[in-house]
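Protein chains in written order, with our numbering: chain A, 1 to 159; chain B, 1001 to 1300.
Incorrect hints may have been included.
So the derived label-pair ranges between C-beta atoms look like this [what the hints assert, rightly or not]: (1) B:Glu1149 / A:Ile38: 49 to 59 Å; (2) A:Gln57 / B:Glu1149: 45 to 55 Å; (3) B:Met1174 / A:Gln57: 23 to 33 Å; (4) B:Thr1156 / A:Ile38: 51 to 61 Å; (5) A:Gly70 / B:Trp1160: 29 to 39 Å.
The set of hints was computed from the structure by calculation and includes no laboratory data. By construction, the Cβ of each residue, glycine as well, lies at the ideal position given by its N, Cα and C atoms.
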Amino acid sequence: MTDFKPKTFAFICNWCTYTGADLAGTSRMKQEADFRVIKVPCTGRIDPEFLIKAFEQGADGVWVSGCHPGDCHYISGNYFAQRRWHAFRQELEFLGIDLRRLRFTWISASEGRKFADQATDFVKTIRELGPYDEFRKRCMDPEQVESTETIKSSEGGDK
Amino acid sequence: MTDTSTYIAAGKDSDANVSDTVKSLRKRARELLESGDVKMVIGYGQGFTSTRAIPVFITSPDDADKLIFDKRCSYNLTMFLKKAEIKAMGRIAIVVKGCDAKAINVLLYECQVKRENLVILGMVCTGMGDPTEDKCADCNVYVPPIYDELFGEPVTNKQWNENTFQRLKELESMSREERFEFWTGHFSRCIKCYACREACPICTCTVCITDKNQPQWIPTSPHKLGNFHWNYTRAFHLAGRCIGCDECHRACPVDIPLALLNWKLIKDLYVDFGFIAGMDPETKPPMATYVEGEDEEFMK
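Just chain A, with the same shape it has in the complex (with noise of 0.2 Å):
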């Protein structure tokens, strides 16, 4: 599965990971890029609905990152959302998500080593998990599974 290109999403916070993403940039850290970046204003703002939203979409992982509890930008927001994902992870489990597709990180401003790495891994265990094709096969319609197909291999041109 070395030539798989992932479909992967990433909903990062704009204080702290995306500018973290931002100093893994400019330092010209190498790291893997199969994952799209969704900016939201603060982990608290993602809903579940966005994570499960996003493999509905064919995402075959989908990762959220945010500030460290403590750095939260609006004070709180990032405890809120890890209560939440505690339950969300759970109740995934229960319905039989594979949770190793989804992936929960803290990452500061300051930390671009970290979201290197934590985004080569990710990537990486993507890569070996291969497609979703699980959740496709099951909760997507076969015209669904081929239009996200034809999504795919449309946008495999501006990589």
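With chain A's structure known, arrange chain B on it following the hints.
Only chain B this time, still in chain A's reference frame:
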């Protein structure tokens, strides 16, 4: 409002078959209506067949004798409290069991009902249905946690312990892949009728997320994609709020064991945060609060 008379069965029990508890309930309902203290009493009445009880909406003191309470009264009447027609009535009385009273506590915490508009007629209940329903096995509220007047002999409430949540054991012992097959198999029957939402006393949003279409978060057609999303979302929106009355499962026309999804959340929040929804109207649910220094091992 719909003509309530269609919901009210004609038959009245003869006095000989009526327990003292129900007699005192009827007496109190009559007093409340006669004095004009409440506009309506919501309770259980004799159904159209002998095996069923149905909701009755009593507005005249003469109809107070239509109230019943026995093993058939498993429905959660607090669902009606979210209806605009009922809210418009002002002060009403409602017959509740322990689990239903939990729902009132959640609604009070969320400011969905006004305490002064409710007369809560609490019933002591040690299990509904014959054989006893699954939800009753894990009941910790034989005596309602909130009531104005209590009917029946008070008994000691059970506490939750390591033997609680037996109904989740079978699923939890499966492998992840088996669980995925189990749930997606059940969800494939979903027809998106939203009966689970309508029957839920805690689903109080005037516009549900599935009815919002800009953006369309949840696909509305009953195909595989939307079914997984909807059923997961319905359960998760009740995290820390669900009181475990199993009305979603009962209302489901295709018999998806929806209550298990909710009981999983109930269990997690009880085990991890010691929280039980609806025990009082003040405690903040775990999703609405946090503790500093709380670290999750899944956060990398």
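Taking the hints in turn, this is what the structure says about them:
Distance hint check: the CB atoms of Glu1149 of chain B and Ile38 of chain A are about 54 Å apart, consistent with the given range 49 to 59 Å. Separated by about 54 Å at the C-beta atoms, Gln57 of chain A and Glu1149 of chain B satisfy the suggested range of 45 to 55 Å. With their beta carbons about 28 Å apart, Met1174 of chain B and Gln57 of chain A fall inside the hinted range of 23 to 33 Å. The hint said 51 to 61 Å for the Cβ distance between Thr1156 of chain B and Ile38 of chain A, and at roughly 52 Å that hint holds.
Checked against the given bound of 29 to 39 Å, the beta carbons of Gly70 of chain A and Trp1160 of chain B, roughly 33 Å apart, stay inside it.
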